[in-house]
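Participant: Counting along the sequence shown from 1, when you hit position 276 you're at 270 in the numbering used here, and nothing is skipped either side.
Hints may contain errors.
[Said to hold, decoys possible] Derived DEER-like restraints, expressed as beta-carbon distance ranges:
1. Tyr69 with Ile173: 44 to 54 Å
2. Arg239 with Asp176: 47 to 57 Å
3. His262 with Asp176: 48 to 58 Å
4. Ile120 with Ala193: 22 to 32 Å
Rather than coming from a laboratory, the hints here were simulated on the basis of the structure. Note that beta-carbon positions come from the ideal geometry of N, C-alpha and C, so glycine has one too.
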Amino acid sequence: MNRKVLKEELFFSMTWDYLNVFLPAQHRNSPKTASAYEDGLTIFRRYVTDVRSISMEQFRFRDLTYDFLLDYRVYLAEKGYKASTVNHRLAVITAYMKYAATKRIDLCQIYMNIAEVPYMTVPSRIPEIIEEKDSIKGLLAAPGPSEKGIRDQVILTMLYDTAIRADELLELHLSDVNILADEPYLRIRGKGDKERVVALSEKMIPLLRQYIDLYHKNPKEQSLPFIYTVIKGIKCRMSERNVERIVQKYADMVRKKGLHIPDRVYPHMLRRTRASGWYRDGVPIETIAVILGHADAKTTRKSYASPSVEMLRKQMTLGTDVEPDMIEEVPLWKNDSELARLCGIR
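Input sequences plus hints: build the corresponding full structure.
Facilitator: Okay, here's the thing in structure tokens:
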């Protein structure tokens, strides 16, 4: 069916424009966000057509009632989706309806009604980090001095040292890695196509120089992916899944050596570990937000401002000088005869 001749009252009549015009161009969202919303609308479409047996040519905006969306929420939960996933599926539908309501004022009431559907309660958990410094050092040094090991060490060290996201690392071109500048830095393209600069520590420079000498022997290939794999003789951007496997591989390796490493280690854990370390060392939360590429420091505080047990213990000891000293216990007897009598014997 040609989307241009879809009737305006059909629920899916605006999805193409929403996904292909509004999200990428007007809202400046990342391709990942647009893809996630496409998936969310696709799953809802299948619920409408396959579960509720309503064809796309019959399902209208007015059919999306409070009860209909609530039933969808129940369906997703019964299918075994996590609460956070169910909530994201609902958020996709609500966001699309908000967009539709801006296009057609008569849809505002429908949007307001379905926006009242309650989200599922998501269990509150403390995100895991790698707590011990020896464990972090062991993980970053695990790849070894081989050519492949140097590449893997660069991946691990850059994820930790600069706290960039895995997709930001893989988006880097050779020209984005500036180790010859007076203050070496990376030029990062983050979420929403926002650029930022992240400083490189002095310890990173020798490792990066060694990696560039091995993997970027032609300095003119500035547009090549900084981290790449070779497929059929062509240097291609490495996949995030491959980076995840590399991180987990070395985490499993150092855990066997007795270091304390969580069972599941992934790229974002290195970012969180680094950011939490900055916070614990007294770096202002606003500075950490800038480094991480957060538009709002509240996001940084919520997700990365994790105090250590030692910090909590020190804070909890403050003010204890006003607490009374423990009263020394005084025996209730003066001699063995009185103690024997208390014990019911002679």
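Participant: Could you work out which of the previously given hints the structure breaks and list their numbers from low to high?
Facilitator: 2 and 3
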